Amino acid sequence: MLSAALRKELLLQWRTRSQMMAVFVFGATSLLLFSFAIGPNAEMLRTFSSGFLWLGLLLSSTLTLAESFHTEMENRAFEGLLLLPSDARALYYGKAIANWLQLTLLGCALVPVMVILYDAGTMQLLKLLVIIMLGAAGLSAPGTLYAGMTSQVKAKQMLLPLLLFPLIVPALLASVKATSLVILGDPMGQSKAWITLLLAFDLIYWSLCGLLFGRVVED
Amino acid sequence: MKSKVPYIFLAVGAALLLFGSYWGLFIAPAEQYMGNVQRIMYVHVPSAWSWMLAILWAFGCAIAFLFTSNMKWDSRMEAGVEVGILLAFLLCCQGAIWAKPTWGVWWDWDPRLTSVAVLLVASLGIMALRSFVDDPVRRAIWSAVATIIASVDLPIVYFSVKWWNSLHQQQSSPNTVSSAFYIPLRVNAFGVLFLMIGFIWLRTRVAALKLRQETAIPHTYEEAGELA
Amino acid sequence: MNGVVQGGWEFVIAAYTITGLAFVIYAISLFARLKELKKHD
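Chains as they are written, first to last, in my numbering: chain G, 2 to 220; chain X, 58 to 285; chain W, 2 to 42.
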């Protein structure tokens, strides 16, 4: 059930991969714009680089998350998909995983932009990847739930960020701190604590949102 | 005739708050280090306690609604969220007014206040969501889900901000008042609590009335029903 | 922080005034909304 849903989602994403390019450009442009807030101060840009990366990813996520329910809304596909109660859960996790992969990809694609614009590189690529994956998971679980909700409403573009942003504050804080420690150095070994917090957030919301999604799309 | 009890709560709450505030402002001595500014705590701490209760109330009602599908719980939850917004707004104002003379800045990223600010935005989002959904049942389900998610987030937000802040801040947060100042604090605590109860009670009535009028069948349809 | 924070009554008054005003205004808004709704009932 889940694998079928996931396969469908990934196929959909592959078919609309040109949109991914547009979202990447949006994200990269955001990183560029952020640097204008600081000015050409290399030291400061490097210090805040991880914050910019995650803000850019967060803003881009509002685009990708909203899009992820586009097909269902276009073709009124919801009713057909939800004949069984287990369908809702499979639909949710299929979409959430697909969104997660998309955000992880986007995050990784933005890292070179960050390296170039802010001189913020690191050799700990594996650790950075883990942080990006966990942070993207933190965005994608509640994001998919709220995208499912707001896709059926008039003011969808305004509501999704309004609902999502306050919620993901802990994930944002932890992701930014952990990434910052990877880039700027971690003399006191604090990154483990932040990664643990991120993991806990992910576990809580991946289960809670999966549980609640069925009620959100029921008729 | 609807019960007058909520109005009694409001009256008693207001009286207690006035009495407690008078005591806290003019009778209780100035605090040792903080001087007179500490008197703000006599309204700030009671407001904080009531705010947490309002959030807990909204959370409980959301769960009750999802289990029972009884719209009464939706009205009660709506009331809890709105009164929570009122109290959260007050907490941020009081906190900022306290922080300026104390730390020299309007906002010092105190984990408790920052969590309140995050929940304030989340609550505003929930009310915005409600205003965009026309179908009452769907509105109730969705805002219940959003309320549960936001309430579960509160402790996580608190801990993450506390951690985040502890790396920078050496100053300690405003602590509860020492035992010498119990009376104004306790009186005001009950004052704000009773006001909150009265507000939630009346706001529930507002929500229930609105719902009834929203789903009311016009008379012509009732007559048409006889043909069916 | 050493020494005593001097004065500060303006802040105290501001805090209490905002609190009191907020409660009063909210109560009035509740009464008004109830009256309006009961009229149509």
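Everything labelled a hint here was simulated from the structure, so no lab data went into it. Hints are not guaranteed to be accurate.
[Said to hold, decoys possible] Covered, in the sense of this in silico footprint (three residues per stretch, anywhere, with C-beta under 8 Å from a C-beta of chain X), are these stretches of chain W:
| # | segment |
| --- | --- |
| 1 | 12 to 20 |
| 2 | 23 to 31 |
| 3 | 35 to 41 |
[As the list claims (entries may be wrong)] Keeping only pairs whose Cα atoms sit at most 27 Å apart, straight-line, the calculated DSSO-like set for lysine-lysine is:
| # | chain 1 | residue 1 | chain 2 | residue 2 |
| --- | --- | --- | --- | --- |
| 4 | X | Lys59 | X | Lys267 |
| 5 | X | Lys61 | W | Lys40 |
| 6 | X | Lys61 | X | Lys267 |
| 7 | X | Lys219 | W | Lys40 |
| 8 | X | Lys59 | W | Lys36 |
| 9 | X | Lys157 | W | Lys40 |
| 10 | W | Lys36 | X | Lys157 |
| 11 | G | Lys9 | G | Lys157 |
| 12 | X | Lys129 | X | Lys61 |
| 13 | X | Lys219 | X | Lys157 |
Quick caveat, the model's predicted, so the values are computed rather than measured. Don't be surprised by glycine CBs; every beta carbon is placed ideally from N, CA and C.
Stated coverage of the segment 23 to 31 of chain W by chain X [criterion: 3+ residues, CB within 8 Å]: holds (count 5)
Coverage assertion for the segment 35 to 41 of chain W with respect to chain X, Cβ distance below 8 Å, three residues required: With 4 residues closer than 8 Å to chain X, the segment 35 to 41 of chain W meets the three-residue bar; holds.
Straight-line alpha-carbon gap lysine 59 of chain X to lysine 36 of chain W, limit 27 Å: holds (13 Å)
Lysine 219 of chain X paired with lysine 157 of chain X [C-alpha distance capped at 27 Å]: holds (20 Å)
Pair hint outcome, lysine 9 of chain G versus lysine 157 of chain G [Cα-Cα no greater than 27 Å]: holds (24 Å)
Coverage assertion for the segment 12 to 20 of chain W with respect to chain X, Cβ distance below 8 Å, three residues required: holds (count 7)
Distance restraint between lysine 61 of chain X and lysine 40 of chain W, which requires alpha-carbon spacing of 27 Å or less: Satisfied, since the Cα-Cα distance of roughly 18 Å is no more than 27 Å.
Pair hint outcome, lysine 59 of chain X versus lysine 267 of chain X [Cα-Cα no greater than 27 Å]: It holds: about 16 Å lies between the C-alpha atoms, which stays within 27 Å.
Lysine 61 of chain X paired with lysine 267 of chain X [C-alpha distance capped at 27 Å]: holds (20 Å)
Distance restraint between lysine 36 of chain W and lysine 157 of chain X, which requires alpha-carbon spacing of 27 Å or less: At roughly 40 Å apart (the allowed maximum being 27 Å), lysine 157 of chain X and lysine 36 of chain W break the hint.
Proposed proximity, lysine 40 of chain W with lysine 219 of chain X (alpha carbon, max 27 Å): The hint is violated at about 49 Å.
Distance restraint between lysine 157 of chain X and lysine 40 of chain W, which requires alpha-carbon spacing of 27 Å or less: violated (46 Å)
When each numbered hint is compared with the structure, violations occur for hints 7, 9 and 10.
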